[in-house]
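First to last, the protein sequences are chains A, B and C.
Under the working numbering, the first residue of the first sequence is numbered 1, with each subsequent residue one higher.
Under the working numbering, the first residue of the second sequence is numbered 352, with each subsequent residue one higher.
Under the working numbering, the first residue of the third sequence is numbered 742, with each subsequent residue one higher.
Because the hints were derived from the structure by calculation, they are not lab data.
Predicted model, so just to flag it, every value in this text is computed and none were measured.
It is possible that part of the hints are untrue.
Using C-beta positions, here's what the derived DEER-type ranges look like [to be verified]:
1) Asp396/B - Gln241/A: 19 to 25 Å
2) Gly658/B - His13/A: 50 to 56 Å
3) Thr672/B - Asp872/C: 37 to 43 Å
4) Asp902/C - Gln241/A: 45 to 51 Å
5) His13/A - Trp900/C: 39 to 45 Å
6) Gly658/B - Ala783/C: 45 to 51 Å
7) His887/C - Gly603/B: 57 to 63 Å
For every residue, glycine included, the Cβ atom is placed at its ideal position computed from N, Cα and C.
Okay, here's what each chain looks like letter by letter:
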Amino acid sequence: MRDVAIVSVAQSHHRRSAEELNEVEMIQPVIRAALDGVGASISDIDFTCSGSSDYLAGQAFSFVMTLDAVGAWPPIVESHVEMDGAWALYEAWLKIQTGAADTAFVYSYSKASPGDLPRVMSRMLDPYYAGPLWPDSVAYAGLQARAMLDAGVTTERRMAEVAHRNREAARNNPNAQVVGSPSVDELLATPMLSDPLRVHDCPPISDGGVAVVLAAGDRARDWAERPAWIRGIDHRIDGHQPGARDLTSAPSVALAAQRAGVDGSFDVAEVHAPFTHQEQLVLDGLGLGDDVDVNPSGGALAANPMMAAGLIRLGEVATRIMDGSAGRGVAHATAGHLLQQNLVCVLEGGD
Amino acid sequence: MAGNRVAVVGVGQTKYAAVRDDVSLPGLLREAVFRALDDAHMTMDDIDAVVVGKAPDFFEGMMMPESYLAEALGAVGKPLFRVHTAGSVGGSTALVAATHVQSGVHDRVLTIGWQQQSVSEAMWALSFPIPFQQQLVAGAGGYFAPFIREYIRRSNAPDHIGIQVALKDRLNALKNPYAHLHEPDITFESIEESFMLWEPIRYSETCPGSDGAIALVLASEDAAEAAAASSGVPPAWIHGTAMRSEPATASGRDQVNPDAGKECAADVYAQAGITDPRRQVDVVEMYVPFSWYEPMWLENLGFAPEGEGWKLTEDGVTQMTGDLPVNCSGGVLSTNPIGASGMIRFGEAALQVRGQAGDHQVDGARVAVGHAYGGAAQFYAMWVVGSEKP
Amino acid sequence: MTADDRGDRSISTLPEGLWTQPTPSVPVDLGDDPVRRQVVPASMRYDYTPGLASTRFLRGLAEKRFLGERCPETGEVYIPPRGVSPVSGLPTTEQVEVGPKATITSFCVVHIGFGFNAPPTPFVSALFLPDGAAVSLYGTMGEVSHDQVRIGMRVEPVWVDDDQLTESMENIRYWRPIDEPDVPAEQLKGHM
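Starting from the given sequences, assemble the full structure and let the hints guide the process.
Given below as structure tokens:
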């Protein structure tokens with residue numbers, strides 16, 4: 001395997017609605033900042049890959065217009081995934097592994113604010129049995145939380161603690177959307193939204209994006225003082241039918257973690273758990289010890305731009321390695337409902 | 352070509368049709384998947400990763416349907432990856448699947464492209480009115496027709512070229528049992544007299560909307576040799592892969608003969624050691640949704656000098672009996688499940704060099720090109736496959 | 742539901758039989774009363790916003806002006822502007838009025854219209870390059886027979902009545918020929 005590193009990361013200041021901007025205007029400064037971070041232009045990049053969703057944009061081929069923000073002229077080697085940007089990064093990493101590219105540029109974004117996100121997300125469900133019922137994404141996540149509570153895997157207090165810890169951590173994240181939290185007791189006194197989920201158990205709805213530059217070997221060393229080397233990366237998927245899955249576990253997290261080589265100690269972990277009860281499933285799957293700093297950014301509970309929140313986790317870990325505040329970290333991204341699909345990436349500093 | 356060797360060892364296609372309501376969506380995909388696995392002498396258990404692609408989710412009214420399809424595709428516990436690059440997506444998806452093997456990460460990858468155009472109205476999905484944006488009130492054909500007109504103006508090609516392409520592809524389709532349109536009575540005159548939709552494009556010079564899926568099994572060198580030993584069918588070795596993209600609207604961009612297409616072709620030929628494509632390529636499957644794109648792409652892909660692609664068509668060079676047969680399968684003009692159409696080109700190219708194309712086999716085909724394009728003629732994907740190892 | 746009573750999908754302007762195939766071409770035995778189609782109405786509301794550059798452009802249209810925006814690198818004017826130059830990836834901020842006179846860079850004669858605003862067929866759908874702009878706008882031709890339209894033809898927009906003007910592309914009813922010599926087609930390459 002070739003040594004490949006994240007050498008530059010930029011993200012937007014995430015907010016409920018980037019109402020005054022179109023998607024191109026929203027992502028352009030992020031794209032430019034990531035390239036500027038290593039003094040590169042798109043002509044220095046061998047492969048570009050992006051992630052976004054037509055359903056979130058409410059428009060077919062929505063990614064075509066955002067390509068304008070890259071400045072793909074003369075033509076570039078480019079691809080797009082209808083997935084979170086973490087998977088776009090995976091494709092770019094594969095491409096570099098083939099030797100066909102030494103550098104790659106990855107970005108992802110969503111401007112979901114024009115639509116009703118929880119309702120839009122129901123269009124992901126099996127079209128014959130679940131989709132026609134239009135269960136919104138919060139209610140769907142509630143099924144999982146209920147299963148976990150009933151099985152004694154978690155408690156409402158523990159869920160509130162997750163919310164509190166993440167949003168308090170977000171005070172140090174200039175890009176966060178939801179910052180700070182009432183006390184756990186105060187949270188537990190609030191009414192249910194979709195029983196057993198309260199408002200604090202749910203992620204915010206966010207518009208935003210992220211961009212990352214990857215480079216191999218010496219190119220990475222040229223571009224960054226402390227490249228964040230990708231030591232392992234893998235993704236796996238579980239079944240879709242909630243009735244055919246044990247909702248109190250996420251086997252694909254553990255499988256991806258094993259394949260990505262998650263072992264030993266980590267300074268930092270950024271996990272993509274949109275709902276509070278899910279963080280524990282991810283951490284259990286990763287098998288991390290108690291000494292790891294989990295979600296210093298505040299995670300998806302502080303800002304959750306769909307299609308970007310997963311890649312942001314990789315970016316947050318990489319940023320901490322690049323600035324020297326962490327030596328080794330693990331990042332996790334999820335896709336689909338109920339932690340169905342999971343990607344795990346081990347990043348570390350050094351040579 | 353960069354990276355580890357990779358070959359196509361399994362090709363499976365559904366019967367393509369306007370409406371495949373005899374099967375569910377998973378049923379449709381599994382029809383293609385099991386044919387591909389049977390061809391490769393493999394089962395789902397042998398597959399390391401699954402890479403899928405389709406065109407916009409609004410076509411079927413399902414957002415990221417691959418998550419729902421995880422079980423049906425045998426992907427549970429494996430990587431499942433979803434590509435979307437507009438109309439080129441079938442080709443791009445096969446290339447991303449190849450990357451999974453070229454990188455050395457996986458040995459056996461299943462890749463699938465599909466579309467069920469009957470489920471919703473594709474024309475609607477392509478043209479629902481977004482406020483503030485320019486409305487093209489003429490459908491996809493109305494988008495491309497002006498560029499065809501400009502091609503005809505520049506090249507002085509005679510009107511019958513488009514008709515000739517359509518006749519050839521529809522007659523070729525009669526030799527392909529999977530093709531959607533089987534029109535045994537079609538004639539030059541019937542095409543000429545067919546309804547003029549977007550002048551200069553006639554109805555019979557236009558692709559249909561189809562339901563269908565195609566699956567390919569890609570394998571590393573060892574896995575490909577093992578599969579070939581078991582199945583008795585030679586692999587189609589991939590000699591080059593290339594993608595290119597350019598903006599939809601850019602000053603200086605030539606939509607008649609786009610730079611991205613030229614560069615994509617030059618890249619893939621260089622990898623495959625092809626210096627004279629007209630002479631060295633035995634058969635081509637190119638993405639021709641409107642008949643006139645055959646001469647346009649012949650030029651764009653370097654098979655003819657600029658302005659002379661139509662002469663190859665007129666002279667019968669692109670007929671199955673010609674020395675550069677194009678779209679022996681019947682092409683997109685006979686079968687168009689959009690998200691699958693690019694992969695069908697790639698798969699048909701593989702069938703040709705494996706000697707598995709049946710009645711539309713070109714005798715002795717050793718080097719074949721698969722081509723797909725999409726968006727505003729701005730996204731390109733190509734591969735070159737050969738009967739011999741690169 | 743059986744195959745016979747399933748509603749055929751249709752586009753109102755489609756000639757009979759085009760793209761529709763009422764019987765599946767692969768007959769298979771699904772038992773006595775197969776479920777072949779499930780109709781699931783799906784309706785979602787999206788409240789789109791145009792963005793900064795498009796807002797500037799639309800406000801111009803309300804005054805019957807075409808406001809393009811200049812690429813800071815190449816100096817060329819893009820219309821309608823989307824806030825970013827597609828060739829450099831840099832923000833466009835300088836507004837430049839172009840047109841209203843324009844040149845047809847190419848066109849087709851449409852005998853089958855789509856969408857809610859399609860005029861009666863046949864009509865000419867064309868690409869119009871406003872004077873001073875680097876790329877063409879879409880629109881339809883009026884006040885001329887479709888067989889008289891040419892690449893290189895000079896045209897001008899016909900606007901809706903002043904009291905009907907809004908921030909919308911629909912302010913342009915259609916384009917019509919003007920009495921100026923054609924532009925040589927070779928000059929239009931790269932500006933469609």
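Evaluated hints:
Between Asp396/B and Gln241/A, the C-beta spacing of about 21 Å keeps the proposed range 19 to 25 Å intact. The supplied range of 50 to 56 Å is met by Gly658/B and His13/A, whose beta-carbon atoms lie about 52 Å from each other. Distance hint check for Thr672/B and Asp872/C: the Cβ-Cβ separation is about 51 Å, which falls outside the suggested range of 37 to 43 Å. The hinted window of 45 to 51 Å between Asp902/C and Gln241/A is violated, with their beta carbons roughly 58 Å apart.
Separated by about 40 Å at the C-beta atoms, His13/A and Trp900/C satisfy the suggested range of 39 to 45 Å. The hinted range of 45 to 51 Å is satisfied by Gly658/B and Ala783/C, whose Cβ atoms lie roughly 47 Å apart. The hinted range of 57 to 63 Å is not satisfied by His887/C and Gly603/B, whose Cβ atoms lie roughly 30 Å apart.
In terms of the numbered hints stated before, the structure departs from hints 3, 4 and 7, listed from lowest to highest.
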